[in-house]
Amino acid sequence: MSNEKTIKSALISVFSKDGLEPIVKELNRQGVTIYSTGGTQSFINDLGIKVVPVEDVTSYPSILGGRVKTLHPKVFGGILNRQNHAGDVAELAEYEIPQIDVVIVDLYPFEKTVASGASEQDIIEKIDIGGISLIRAAAKNFADVICVSSVDDYAEFLQIITESNGAISLENRKRFAAKAFNVSSHYDTAIFNYFNKNNDEVVLKISENKGKVLRYGENPHQRGYFFGDFDDMFTILNGKELSYNNLLDVDAAVNLITEFKNDAPTFAILKHNNACGFAQSNSIHQAYKDALAGDPVSAFGGVLISNTAIDKATAEEINSLFCEVIIAPAYDAEALEILKGKKNRIILVLNDVELPQTNVRSCLNGILLQDRNNVTDSIEGLTYVTNNKPTQSQLEDLIFASKICKHTKSNTIVLVKNKRLLASGTGQTSRVDALEQAIHKAKTFNFDLNGAAMASDAFFPFPDCVEIAKNAGITAVIQPGGSIKDQLSIDYCNENNVSMVFTGTRHFKH
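Using this note's numbering, you'd call the opening residue of the sequence shown number 306 and step up by one each time.
Possibly wrong hints are sitting among the right ones.
To be verified - Subject to a maximum C-alpha distance of 27 Å in a straight line, what follows is the list of computed DSSO-like cross-link-like pairs (lysine-lysine):
id : residue 1 : residue 2
1  : K510      : K576
2  : K515      : K545
3  : K517      : K417
4  : K748      : K790
5  : K517      : K645
6  : K814      : K714
7  : K566      : K814
8  : K431      : K445
9  : K510      : K545
10 : K322      : K379
Keep in mind the hints are simulated off the structure, nothing from the lab. On a predicted model such as this, the values are computed, not experimentally measured, just so you know.
Please model the complete structure; the sequences and the hints are all you need to start from.
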(Lines of atoms letter the chains of each structure in order from A and count residues from 1; the text may use other names and numbers.)
(Lines give C-alpha, C1' and ligand atoms only; values in the text may rest on other atoms or scores of the structure.)
Protein backbone atom coordinates (compact mmCIF):
# COMPACT_ATOMS: atom_id res chain seq x y z
CA MET A 1 0.00 0.00 0.00
CA SER A 2 1.38 3.41 -0.95
CA ASN A 3 2.14 5.91 1.80
CA GLU A 4 1.41 8.81 -0.53
CA LYS A 5 -1.59 11.01 0.13
CA THR A 6 -3.12 13.04 -2.68
CA ILE A 7 -4.29 16.49 -1.64
CA LYS A 8 -8.01 17.04 -2.05
CA SER A 9 -8.56 19.84 0.47
CA ALA A 10 -6.51 22.57 2.13
CA LEU A 11 -7.04 24.99 5.01
CA ILE A 12 -5.08 28.23 4.59
CA SER A 13 -4.81 30.84 7.36
CA VAL A 14 -1.73 33.05 7.19
CA PHE A 15 -0.51 36.40 8.47
CA SER A 16 1.94 37.09 5.64
CA LYS A 17 0.66 36.54 2.13
CA ASP A 18 4.14 36.76 0.56
CA GLY A 19 4.68 33.80 -1.76
CA LEU A 20 1.18 32.44 -1.20
CA GLU A 21 -0.31 33.26 -4.61
CA PRO A 22 1.48 30.56 -6.68
CA ILE A 23 0.55 27.91 -4.09
CA VAL A 24 -3.11 28.88 -4.17
CA LYS A 25 -3.13 28.87 -7.97
CA GLU A 26 -1.47 25.44 -8.14
CA LEU A 27 -3.91 23.98 -5.59
CA ASN A 28 -6.78 25.43 -7.58
CA ARG A 29 -5.37 23.97 -10.81
CA GLN A 30 -5.32 20.56 -9.17
CA GLY A 31 -8.97 20.89 -8.13
CA VAL A 32 -8.24 21.14 -4.40
CA THR A 33 -11.03 22.50 -2.18
CA ILE A 34 -9.66 25.51 -0.30
CA TYR A 35 -10.99 26.60 3.10
CA SER A 36 -10.00 29.92 4.64
CA THR A 37 -11.05 32.82 6.81
CA GLY A 38 -10.49 36.53 7.39
CA GLY A 39 -7.77 38.31 5.47
CA THR A 40 -6.51 35.14 3.83
CA GLN A 41 -9.96 34.38 2.49
CA SER A 42 -10.17 37.90 1.02
CA PHE A 43 -6.73 37.48 -0.54
CA ILE A 44 -7.75 34.24 -2.27
CA ASN A 45 -11.05 35.72 -3.42
CA ASP A 46 -9.17 38.65 -4.95
CA LEU A 47 -7.22 36.14 -7.05
CA GLY A 48 -10.51 35.04 -8.55
CA ILE A 49 -10.24 31.60 -6.95
CA LYS A 50 -13.12 29.90 -5.21
CA VAL A 51 -12.68 29.57 -1.45
CA VAL A 52 -14.99 28.05 1.18
CA PRO A 53 -15.28 30.29 4.26
CA VAL A 54 -14.54 28.41 7.49
CA GLU A 55 -17.74 29.96 8.86
CA ASP A 56 -19.70 27.89 6.30
CA VAL A 57 -18.16 24.75 7.76
CA THR A 58 -18.60 25.62 11.42
CA SER A 59 -21.89 27.54 11.07
CA TYR A 60 -20.27 29.99 13.45
CA PRO A 61 -18.91 33.46 12.68
CA SER A 62 -15.50 34.83 13.57
CA ILE A 63 -15.98 36.31 17.05
CA LEU A 64 -14.22 38.46 19.66
CA GLY A 65 -12.61 40.73 17.11
CA GLY A 66 -11.13 37.79 15.23
CA ARG A 67 -9.64 36.09 18.30
CA VAL A 68 -11.77 32.98 17.64
CA LYS A 69 -12.10 31.83 14.03
CA THR A 70 -10.84 28.28 13.47
CA LEU A 71 -11.10 26.88 17.00
CA HIS A 72 -13.99 24.53 16.33
CA PRO A 73 -14.50 20.71 16.29
CA LYS A 74 -15.47 20.78 12.63
CA VAL A 75 -12.07 22.27 11.79
CA PHE A 76 -9.90 20.26 14.15
CA GLY A 77 -11.88 17.09 13.52
CA GLY A 78 -11.08 17.47 9.83
CA ILE A 79 -7.37 17.73 10.67
CA LEU A 80 -6.98 15.20 13.50
CA ASN A 81 -9.09 12.30 12.19
CA ARG A 82 -7.28 9.07 11.38
CA GLN A 83 -8.23 8.08 7.86
CA ASN A 84 -7.47 4.40 8.46
CA HIS A 85 -9.66 4.34 11.58
CA ALA A 86 -13.23 3.28 10.86
CA GLY A 87 -14.62 5.04 13.91
CA ASP A 88 -13.03 8.36 12.94
CA VAL A 89 -14.30 8.08 9.36
CA ALA A 90 -17.81 7.30 10.63
CA GLU A 91 -17.82 10.31 12.96
CA LEU A 92 -16.71 12.62 10.15
CA ALA A 93 -19.70 11.46 8.16
CA GLU A 94 -22.08 11.69 11.12
CA TYR A 95 -21.10 15.26 12.01
CA GLU A 96 -20.52 16.40 8.42
CA ILE A 97 -16.88 17.25 9.05
CA PRO A 98 -14.79 17.79 5.91
CA GLN A 99 -11.44 16.02 5.62
CA ILE A 100 -8.50 18.45 5.54
CA ASP A 101 -5.31 17.22 3.86
CA VAL A 102 -3.14 20.36 4.03
CA VAL A 103 -2.83 23.08 6.64
CA ILE A 104 -0.93 26.21 5.63
CA VAL A 105 -0.28 28.64 8.46
CA ASP A 106 1.97 31.67 9.01
CA LEU A 107 1.83 32.87 12.61
CA TYR A 108 1.37 36.39 13.90
CA PRO A 109 4.85 38.01 14.08
CA PHE A 110 5.25 38.00 17.86
CA GLU A 111 9.04 38.45 17.97
CA LYS A 112 9.03 41.27 15.43
CA THR A 113 6.31 43.05 17.39
CA VAL A 114 8.35 42.80 20.60
CA ALA A 115 11.49 44.02 18.81
CA SER A 116 9.61 46.99 17.37
CA GLY A 117 9.03 48.41 20.85
CA ALA A 118 5.26 48.08 20.52
CA SER A 119 2.95 48.47 23.51
CA GLU A 120 2.18 45.48 25.69
CA GLN A 121 -1.38 45.37 24.35
CA ASP A 122 -0.14 45.17 20.76
CA ILE A 123 2.34 42.47 21.76
CA ILE A 124 -0.35 40.41 23.49
CA GLU A 125 -2.58 40.61 20.41
CA LYS A 126 0.26 39.11 18.36
CA ILE A 127 0.21 35.90 20.39
CA ASP A 128 -1.28 33.49 17.88
CA ILE A 129 -3.77 31.00 19.32
CA GLY A 130 -5.66 29.52 16.39
CA GLY A 131 -2.60 29.30 14.15
CA ILE A 132 -0.41 27.55 16.69
CA SER A 133 -3.24 25.10 17.42
CA LEU A 134 -3.66 24.32 13.73
CA ILE A 135 0.08 23.72 13.39
CA ARG A 136 0.25 21.31 16.31
CA ALA A 137 -2.83 19.40 15.20
CA ALA A 138 -1.69 19.02 11.59
CA ALA A 139 1.86 18.09 12.59
CA LYS A 140 0.62 15.51 15.09
CA ASN A 141 -1.46 13.87 12.38
CA PHE A 142 1.34 13.78 9.79
CA ALA A 143 0.20 10.25 8.89
CA ASP A 144 -2.64 11.87 6.95
CA VAL A 145 -1.94 15.61 6.81
CA ILE A 146 0.92 17.84 5.69
CA CYS A 147 1.53 21.03 7.68
CA VAL A 148 3.19 24.04 6.04
CA SER A 149 4.02 26.19 9.06
CA SER A 150 6.15 29.03 7.73
CA VAL A 151 6.60 31.33 4.76
CA ASP A 152 10.13 29.90 4.59
CA ASP A 153 8.67 26.55 3.46
CA TYR A 154 6.30 27.84 0.78
CA ALA A 155 8.74 27.41 -2.10
CA GLU A 156 9.61 23.82 -1.21
CA PHE A 157 5.96 22.88 -0.73
CA LEU A 158 5.05 24.42 -4.08
CA GLN A 159 7.80 22.44 -5.79
CA ILE A 160 6.63 19.19 -4.19
CA ILE A 161 2.98 19.52 -5.15
CA THR A 162 3.83 20.74 -8.66
CA GLU A 163 6.21 17.88 -9.42
CA SER A 164 3.99 15.20 -7.83
CA ASN A 165 0.64 16.63 -8.91
CA GLY A 166 -0.44 16.86 -5.28
CA ALA A 167 0.78 13.46 -4.07
CA ILE A 168 2.65 13.86 -0.76
CA SER A 169 4.90 11.08 0.56
CA LEU A 170 4.94 10.03 4.20
CA GLU A 171 8.58 11.06 4.35
CA ASN A 172 7.72 14.61 3.34
CA ARG A 173 4.72 14.79 5.67
CA LYS A 174 6.87 13.71 8.60
CA ARG A 175 9.69 16.07 7.63
CA PHE A 176 7.27 19.00 7.46
CA ALA A 177 5.86 17.94 10.84
CA ALA A 178 9.34 18.33 12.33
CA LYS A 179 9.55 21.81 10.82
CA ALA A 180 6.14 22.60 12.30
CA PHE A 181 7.05 21.54 15.82
CA ASN A 182 10.23 23.59 15.50
CA VAL A 183 8.11 26.62 14.62
CA SER A 184 5.67 26.04 17.48
CA SER A 185 8.34 25.40 20.12
CA HIS A 186 10.35 28.46 19.03
CA TYR A 187 7.21 30.59 19.12
CA ASP A 188 6.30 29.44 22.62
CA THR A 189 9.87 30.00 23.82
CA ALA A 190 9.77 33.60 22.59
CA ILE A 191 6.47 34.20 24.38
CA PHE A 192 7.72 32.65 27.61
CA ASN A 193 10.94 34.69 27.55
CA TYR A 194 8.91 37.87 27.02
CA PHE A 195 6.78 37.17 30.07
CA ASN A 196 9.79 35.99 32.08
CA LYS A 197 12.10 38.90 31.23
CA ASN A 198 12.52 39.67 34.94
CA ASN A 199 13.53 36.04 35.57
CA ASP A 200 10.74 35.43 38.06
CA GLU A 201 10.95 31.79 36.97
CA VAL A 202 14.51 30.44 37.18
CA VAL A 203 14.19 28.61 33.88
CA LEU A 204 16.36 28.68 30.77
CA LYS A 205 14.73 28.45 27.37
CA ILE A 206 16.84 29.11 24.29
CA SER A 207 15.68 28.68 20.73
CA GLU A 208 17.69 29.58 17.63
CA ASN A 209 16.11 28.88 14.27
CA LYS A 210 19.13 29.89 12.22
CA GLY A 211 21.97 27.41 12.29
CA LYS A 212 24.77 26.14 10.10
CA VAL A 213 27.06 23.13 10.09
CA LEU A 214 30.74 24.07 10.44
CA ARG A 215 33.60 22.17 8.85
CA TYR A 216 34.40 20.79 12.30
CA GLY A 217 34.59 21.89 15.92
CA GLU A 218 37.58 23.03 17.90
CA ASN A 219 39.50 20.07 16.47
CA PRO A 220 38.98 18.09 13.25
CA HIS A 221 37.58 15.05 15.09
CA GLN A 222 34.80 17.14 16.70
CA ARG A 223 31.56 18.13 15.00
CA GLY A 224 30.75 21.85 15.10
CA TYR A 225 27.67 24.02 14.60
CA PHE A 226 26.84 27.71 14.86
CA PHE A 227 23.36 28.83 15.87
CA GLY A 228 22.50 32.49 15.41
CA ASP A 229 22.03 35.23 12.85
CA PHE A 230 25.61 35.84 11.74
CA ASP A 231 24.42 37.87 8.76
CA ASP A 232 22.68 40.32 11.06
CA MET A 233 25.96 41.12 12.80
CA PHE A 234 28.31 41.01 9.79
CA THR A 235 28.40 41.60 6.07
CA ILE A 236 30.75 39.05 4.49
CA LEU A 237 32.82 40.60 1.70
CA ASN A 238 35.37 37.88 0.98
CA GLY A 239 36.90 34.61 2.02
CA LYS A 240 36.24 31.02 2.99
CA GLU A 241 33.71 29.72 5.50
CA LEU A 242 34.47 30.68 9.09
CA SER A 243 35.58 27.83 11.32
CA TYR A 244 34.60 27.13 14.93
CA ASN A 245 37.87 28.65 16.15
CA ASN A 246 37.49 31.63 13.80
CA LEU A 247 34.10 32.34 15.35
CA LEU A 248 35.49 32.21 18.89
CA ASP A 249 38.23 34.66 17.93
CA VAL A 250 35.78 36.92 16.12
CA ASP A 251 33.57 36.94 19.20
CA ALA A 252 36.52 37.90 21.41
CA ALA A 253 37.61 40.58 18.93
CA VAL A 254 34.17 42.19 18.71
CA ASN A 255 33.72 42.23 22.48
CA LEU A 256 37.13 43.82 22.92
CA ILE A 257 36.85 46.50 20.23
CA THR A 258 33.39 47.47 21.50
CA GLU A 259 35.14 48.97 24.54
CA PHE A 260 36.82 51.43 22.14
CA LYS A 261 33.92 51.97 19.74
CA ASN A 262 33.90 55.78 19.83
CA ASP A 263 37.58 56.30 20.59
CA ALA A 264 40.49 57.44 18.42
CA PRO A 265 41.63 54.94 15.74
CA THR A 266 42.23 51.62 17.51
CA PHE A 267 43.48 48.32 16.14
CA ALA A 268 43.61 44.87 17.72
CA ILE A 269 45.18 41.57 16.70
CA LEU A 270 43.90 38.49 18.49
CA LYS A 271 45.07 34.91 18.76
CA HIS A 272 43.27 32.20 20.72
CA ASN A 273 40.77 34.77 22.06
CA ASN A 274 43.42 37.07 23.54
CA ALA A 275 44.89 40.31 22.20
CA CYS A 276 48.52 39.82 21.14
CA GLY A 277 48.68 43.28 19.60
CA PHE A 278 46.68 46.38 20.48
CA ALA A 279 47.23 50.08 19.92
CA GLN A 280 45.51 53.43 19.56
CA SER A 281 46.90 56.31 17.53
CA ASN A 282 45.95 59.36 15.47
CA SER A 283 45.55 57.18 12.35
CA ILE A 284 44.44 53.61 11.81
CA HIS A 285 47.59 53.03 9.77
CA GLN A 286 49.82 53.88 12.72
CA ALA A 287 47.57 52.01 15.15
CA TYR A 288 47.92 48.85 13.05
CA LYS A 289 51.72 49.15 12.83
CA ASP A 290 51.97 49.66 16.60
CA ALA A 291 49.65 46.72 17.27
CA LEU A 292 51.63 44.43 14.96
CA ALA A 293 54.91 45.43 16.60
CA GLY A 294 53.50 44.24 19.93
CA ASP A 295 53.92 40.63 18.85
CA PRO A 296 54.55 40.05 15.14
CA VAL A 297 55.12 36.34 15.79
CA SER A 298 51.72 35.64 17.35
CA ALA A 299 50.00 37.87 14.78
CA PHE A 300 50.57 35.18 12.11
CA GLY A 301 47.20 33.55 11.43
CA GLY A 302 45.38 35.92 13.76
CA VAL A 303 42.13 37.86 13.68
CA LEU A 304 42.41 41.60 13.01
CA ILE A 305 39.83 44.20 14.02
CA SER A 306 39.59 47.98 13.71
CA ASN A 307 37.18 50.46 15.29
CA THR A 308 37.21 52.62 12.15
CA ALA A 309 37.39 52.31 8.38
CA ILE A 310 40.50 50.66 6.94
CA ASP A 311 42.25 52.79 4.34
CA LYS A 312 44.58 51.92 1.49
CA ALA A 313 47.82 52.48 3.45
CA THR A 314 46.65 50.17 6.24
CA ALA A 315 45.48 47.53 3.77
CA GLU A 316 48.89 47.52 2.10
CA GLU A 317 50.54 46.86 5.48
CA ILE A 318 48.02 44.15 6.36
CA ASN A 319 48.45 42.45 3.01
CA SER A 320 51.98 41.34 3.87
CA LEU A 321 50.67 39.43 6.92
CA PHE A 322 48.94 36.07 6.81
CA CYS A 323 45.76 36.54 8.79
CA GLU A 324 42.54 34.54 8.95
CA VAL A 325 39.98 37.32 9.45
CA ILE A 326 39.78 41.11 9.11
CA ILE A 327 36.91 43.03 10.72
CA ALA A 328 36.09 46.72 10.42
CA PRO A 329 33.01 48.95 10.26
CA ALA A 330 33.99 49.95 6.69
CA TYR A 331 36.73 49.72 4.05
CA ASP A 332 37.90 52.25 1.49
CA ALA A 333 37.37 50.96 -2.05
CA GLU A 334 41.11 50.72 -2.76
CA ALA A 335 41.72 49.01 0.58
CA LEU A 336 39.07 46.41 -0.13
CA GLU A 337 40.52 45.66 -3.56
CA ILE A 338 43.94 45.05 -2.00
CA LEU A 339 42.61 42.84 0.81
CA LYS A 340 40.49 40.76 -1.57
CA GLY A 341 43.67 39.77 -3.38
CA LYS A 342 43.85 36.68 -1.16
CA LYS A 343 40.71 34.66 -1.88
CA ASN A 344 40.61 32.75 1.42
CA ARG A 345 41.07 35.83 3.61
CA ILE A 346 37.81 36.45 5.44
CA ILE A 347 36.77 40.12 5.29
CA LEU A 348 33.86 41.22 7.46
CA VAL A 349 32.00 44.48 7.93
CA LEU A 350 30.85 44.79 11.54
CA ASN A 351 27.27 46.03 11.54
CA ASP A 352 25.89 48.22 14.30
CA VAL A 353 24.01 45.64 16.37
CA GLU A 354 23.51 45.14 20.08
CA LEU A 355 25.50 42.32 21.63
CA PRO A 356 23.72 39.67 23.73
CA GLN A 357 23.27 40.64 27.36
CA THR A 358 23.85 37.13 28.70
CA ASN A 359 26.69 34.62 28.50
CA VAL A 360 25.78 30.93 28.23
CA ARG A 361 28.06 27.91 28.43
CA SER A 362 27.76 24.21 29.20
CA CYS A 363 28.92 23.04 32.63
CA LEU A 364 28.97 19.49 34.01
CA ASN A 365 25.55 18.05 33.15
CA GLY A 366 23.93 21.46 32.90
CA ILE A 367 24.32 25.05 31.77
CA LEU A 368 25.80 28.17 33.33
CA LEU A 369 24.29 31.55 32.52
CA GLN A 370 25.39 34.98 33.66
CA ASP A 371 24.85 38.63 32.83
CA ARG A 372 27.23 40.15 30.33
CA ASN A 373 30.10 42.04 32.00
CA ASN A 374 28.94 45.55 31.15
CA VAL A 375 31.14 47.33 33.68
CA THR A 376 33.90 49.32 32.03
CA ASP A 377 36.40 50.98 34.35
CA SER A 378 36.64 54.76 34.04
CA ILE A 379 38.77 57.52 35.50
CA GLU A 380 35.73 58.88 37.35
CA GLY A 381 35.27 55.61 39.22
CA LEU A 382 38.83 55.19 40.48
CA THR A 383 39.95 55.25 44.10
CA TYR A 384 43.43 56.75 44.60
CA VAL A 385 45.07 54.65 47.31
CA THR A 386 48.72 55.78 47.16
CA ASN A 387 50.42 59.04 48.07
CA ASN A 388 51.81 59.37 44.56
CA LYS A 389 48.89 60.10 42.23
CA PRO A 390 49.07 59.07 38.56
CA THR A 391 49.41 61.79 35.93
CA GLN A 392 46.69 62.34 33.32
CA SER A 393 48.74 60.42 30.78
CA GLN A 394 49.19 57.54 33.23
CA LEU A 395 45.46 57.54 34.01
CA GLU A 396 44.64 57.19 30.33
CA ASP A 397 47.10 54.30 30.00
CA LEU A 398 45.69 52.63 33.12
CA ILE A 399 42.11 52.73 31.80
CA PHE A 400 43.35 51.57 28.39
CA ALA A 401 45.13 48.63 30.02
CA SER A 402 42.13 47.83 32.20
CA LYS A 403 39.82 47.56 29.16
CA ILE A 404 42.18 45.10 27.50
CA CYS A 405 42.59 43.20 30.77
CA LYS A 406 38.81 42.77 31.04
CA HIS A 407 38.84 40.79 27.78
CA THR A 408 41.94 38.67 28.46
CA LYS A 409 41.90 35.17 29.95
CA SER A 410 42.53 35.01 33.70
CA ASN A 411 44.83 35.14 35.50
CA THR A 412 46.13 38.06 33.51
CA ILE A 413 48.44 41.03 33.70
CA VAL A 414 48.45 43.67 30.96
CA LEU A 415 51.30 46.14 30.35
CA VAL A 416 50.63 49.35 28.41
CA LYS A 417 52.56 52.46 27.49
CA ASN A 418 51.30 55.39 25.43
CA LYS A 419 48.06 53.53 24.62
CA ARG A 420 49.91 50.61 23.19
CA LEU A 421 49.90 47.03 24.46
CA LEU A 422 53.49 46.07 25.30
CA ALA A 423 52.68 42.58 26.51
CA SER A 424 50.27 40.52 28.54
CA GLY A 425 50.43 37.41 30.65
CA THR A 426 47.37 35.30 29.89
CA GLY A 427 45.61 32.32 31.43
CA GLN A 428 48.18 31.69 34.16
CA THR A 429 47.53 29.82 37.39
CA SER A 430 49.16 32.57 39.45
CA ARG A 431 49.25 36.34 39.09
CA VAL A 432 53.02 36.33 39.59
CA ASP A 433 53.40 33.93 36.65
CA ALA A 434 51.20 36.18 34.52
CA LEU A 435 53.29 39.24 35.37
CA GLU A 436 56.59 37.49 34.75
CA GLN A 437 55.28 36.17 31.43
CA ALA A 438 54.27 39.70 30.40
CA ILE A 439 57.62 41.21 31.39
CA HIS A 440 59.54 38.48 29.58
CA LYS A 441 57.48 38.95 26.46
CA ALA A 442 57.88 42.73 26.49
CA LYS A 443 61.65 42.39 26.78
CA THR A 444 61.68 39.79 23.98
CA PHE A 445 60.35 42.46 21.62
CA ASN A 446 62.68 45.13 23.06
CA PHE A 447 60.02 47.28 24.72
CA ASP A 448 61.10 49.76 27.36
CA LEU A 449 58.95 49.20 30.45
CA ASN A 450 60.15 52.32 32.23
CA GLY A 451 57.07 54.42 32.90
CA ALA A 452 54.66 51.67 31.77
CA ALA A 453 51.24 51.03 33.31
CA MET A 454 50.09 47.65 34.64
CA ALA A 455 46.55 46.29 34.92
CA SER A 456 45.43 43.21 36.82
CA ASP A 457 42.05 41.49 36.47
CA ALA A 458 41.91 40.74 40.22
CA PHE A 459 43.48 41.95 43.47
CA PHE A 460 47.02 41.25 44.67
CA PRO A 461 46.94 39.02 47.78
CA PHE A 462 50.58 39.90 48.45
CA PRO A 463 52.90 42.79 47.50
CA ASP A 464 55.07 40.54 45.30
CA CYS A 465 53.47 41.70 42.04
CA VAL A 466 53.95 45.42 42.67
CA GLU A 467 57.53 44.72 43.72
CA ILE A 468 58.28 42.77 40.53
CA ALA A 469 56.56 45.48 38.48
CA LYS A 470 58.58 48.28 40.13
CA ASN A 471 61.84 46.45 39.50
CA ALA A 472 60.88 46.16 35.81
CA GLY A 473 60.33 49.93 35.54
CA ILE A 474 56.52 50.03 35.83
CA THR A 475 55.32 53.17 37.62
CA ALA A 476 51.50 52.98 37.64
CA VAL A 477 49.15 50.15 38.61
CA ILE A 478 45.40 49.58 38.30
CA GLN A 479 43.67 46.71 40.08
CA PRO A 480 40.29 45.97 41.69
CA GLY A 481 41.50 45.96 45.29
CA GLY A 482 39.61 44.00 47.92
CA SER A 483 42.30 41.81 49.45
CA ILE A 484 42.57 41.73 53.24
CA LYS A 485 46.26 42.46 52.61
CA ASP A 486 45.75 45.42 50.25
CA GLN A 487 47.69 47.63 52.62
CA LEU A 488 50.88 45.63 52.05
CA SER A 489 50.81 46.50 48.32
CA ILE A 490 49.84 50.11 49.08
CA ASP A 491 52.73 50.45 51.54
CA TYR A 492 55.21 49.08 49.02
CA CYS A 493 53.99 51.50 46.34
CA ASN A 494 54.23 54.44 48.75
CA GLU A 495 57.76 53.47 49.70
CA ASN A 496 58.83 53.12 46.07
CA ASN A 497 57.05 56.05 44.38
CA VAL A 498 54.59 53.85 42.42
CA SER A 499 51.08 55.15 41.73
CA MET A 500 48.24 52.71 42.31
CA VAL A 501 44.47 53.02 41.86
CA PHE A 502 41.61 50.67 42.74
CA THR A 503 38.60 50.12 40.50
CA GLY A 504 36.45 48.14 42.93
CA THR A 505 35.51 45.74 40.11
CA ARG A 506 37.03 42.37 39.40
CA HIS A 507 37.21 41.23 35.76
CA PHE A 508 37.80 37.49 35.82
CA LYS A 509 37.45 35.84 32.40
CA HIS A 510 37.55 32.06 32.13
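Results for each hint:
1. K510 / K576: 32 Å, violated
2. K515 / K545: 19 Å, holds
3. K517 / K417: 22 Å, holds
4. K748 / K790: 30 Å, violated
5. K517 / K645: 24 Å, holds
6. K814 / K714: OK: K814 and K714 at ~5 Å, within 27 Å.
7. K566 / K814: Holds: K566 and K814 sit about 21 Å apart, inside 27 Å.
8. K431 / K445: 24 Å, holds
9. K510 / K545: Judged against 27 Å, a Cα distance of about 33 Å means the pair is violated.
10. K322 / K379: 25 Å, holds
The structure shown violates the earlier hints numbered 1, 4, 9.
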